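Novice: These protein sequences, in sequence, are chains U and P. Take 254 as the starting number for the first sequence in my numbering and just add one per residue. Take 254 as the starting number for the second sequence in my numbering and just add one per residue.
Keep in mind that the hints were calculated from the coordinates and are not lab data. Treat the hints with care, as some may be off.
All copies of an identical chain are treated as equivalent in the list; a pair is satisfied when it fits inside any one copy or across any two copies.
Below, in silico cross-link-like pairs of lysine to any residue (SDA-like), each with a Cα-Cα straight-line distance of 25 Å or less [what the hints assert, rightly or not]:
#: 1; residue 1: K307; residue 2: D266
#: 2; residue 1: K297; residue 2: D445
#: 3; residue 1: K307; residue 2: V350
#: 4; residue 1: K307; residue 2: E422
#: 5; residue 1: K307; residue 2: R351
#: 6; residue 1: K307; residue 2: A336
#: 7; residue 1: K307; residue 2: R362
All values derive from a computational prediction rather than experimental measurement.
Protein chains: 2
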Amino acid sequence: MVRGRPREEGIDDAVREAVRALLTETGYQRCTIDAVAARAGVGKAAVYRRWRSKAELVFAAVIHPVDLEPPEDTGSLRGDVEAVLGDIESSLDGVEVRHALPSLLADVRADPALEARFAEVFLGRELGYLVRMLDRAVARGELSRRPEPALVHAILLGPVLTWLHLFAEPVPSGGLAAALASPLHAAVVALDV
Amino acid sequence: MVRGRPREEGIDDAVREAVRALLTETGYQRCTIDAVAARAGVGKAAVYRRWRSKAELVFAAVIHPVDLEPPEDTGSLRGDVEAVLGDIESSLDGVEVRHALPSLLADVRADPALEARFAEVFLGRELGYLVRMLDRAVARGELSRRPEPALVHAILLGPVLTWLHLFAEPVPSGGLAAALASPLHAAVVALDV
Chain U
254 MVRGRPREEG IDDAVREAVR ALLTETGYQR CTIDAVAARA GVGKAAVYRR WRSKAELVFA
314 AVIHPVDLEP PEDTGSLRGD VEAVLGDIES SLDGVEVRHA LPSLLADVRA DPALEARFAE
374 VFLGRELGYL VRMLDRAVAR GELSRRPEPA LVHAILLGPV LTWLHLFAEP VPSGGLAAAL
434 ASPLHAAVVA LDV
Chain P
254 MVRGRPREEG IDDAVREAVR ALLTETGYQR CTIDAVAARA GVGKAAVYRR WRSKAELVFA
314 AVIHPVDLEP PEDTGSLRGD VEAVLGDIES SLDGVEVRHA LPSLLADVRA DPALEARFAE
374 VFLGRELGYL VRMLDRAVAR GELSRRPEPA LVHAILLGPV LTWLHLFAEP VPSGGLAAAL
434 ASPLHAAVVA LDV
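Next up, chain U with everything else stripped away, as it sits in the complex (with noise of 0.2 Å):
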């Protein structure tokens, strides 16, 4: 397929779609730096200057990017969960993120400065994100003080992706976020003694 070279602004996009053409049709290892600046159409020295690894590059494409959008807020606590786990199991969900997150997680541990970046970039954003939601539940009096971000972003994040990625099940009807809003607003509650 030949086509132009896409312009600065598209770039994201043809990258994006390339990695997630590439991971369905070859797999995680042969979805190289080369090949998704190829099957997108632009220099690799473009994709370098975004992304500094194909563990990074994959994750944006087909997880969340860099500049996730922020967590709506819903006027309370069990509605903000609820947004976030939604948020969460859309990313988390899908044929290409099933399939690629196993690979890519070996590939991070693989590599500490790898890890580094991996936990400032993507798990940073997402703990900012909770910080906000809980700081609001504060302001609201839904919570006496903030509890610690870690173990609510292991609280929300977890079980969905245990279930989307460890268990060959299918997800409940009504979906994973709202089966869990419920017991894991009464969690993040529970923190707060």
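Dock chain P against the given chain U, drawing on the hints supplied.
Specialist: Leaving out everything else, chain P in the frame of chain U:
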């Protein structure tokens, strides 16, 4: 190192030690069934009689055996949740499991027959024990009926797995099981509505 063949009843232990040593020394990729059998000083046939695949062998050696010990009855659901979390934490903690798990999950994900067997043998066993724990809580009057066991499984396993295998943070002082017992007990109780 030359040593005699372990007697039948010592094979499991010899294989487990060989897997752990090879994972540390050479990593998951090179921890093959051949290498494990040679290191343990047992025949390959003896290894294949017990475990159908490398992924199964590694899981049983570093995470938990097929004949997992049932969780203790502590007399309350709160206590049982903390005991189960402690079992999960100790089975998922440690440098071998930290390095092996992503590659192991990538292998399982890539092979539907292996995935089905993994779900049956390991996850199925864990789920069966959670059903016992929940039924005890119903018998004590702590829950009105048994909540969906797969949701409880995701709620208890997910946060521990996520903290130990995704976050690069030290465990809270006192341990993860102690920090998560109250919030996750509240989550299980909140499923009972």
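Novice: A separate judgement is required for each hint: does it hold in the structure or not?
Specialist: Results of checking the hints against the structure:
no. : hint        : result
1   : K307 / D266 : within (16 Å within a copy, 39 Å between copies)
2   : K297 / D445 : neither (49 Å within a copy, 54 Å between copies)
3   : K307 / V350 : both (14 Å within a copy, 24 Å between copies)
4   : K307 / E422 : between (30 Å within a copy, 23 Å between copies)
5   : K307 / R351 : both (17 Å within a copy, 21 Å between copies)
6   : K307 / A336 : neither (30 Å within a copy, 40 Å between copies)
7   : K307 / R362 : both (14 Å within a copy, 20 Å between copies)
Hint compliance for this structure: hints 2, 6 are broken, all remaining hints hold.
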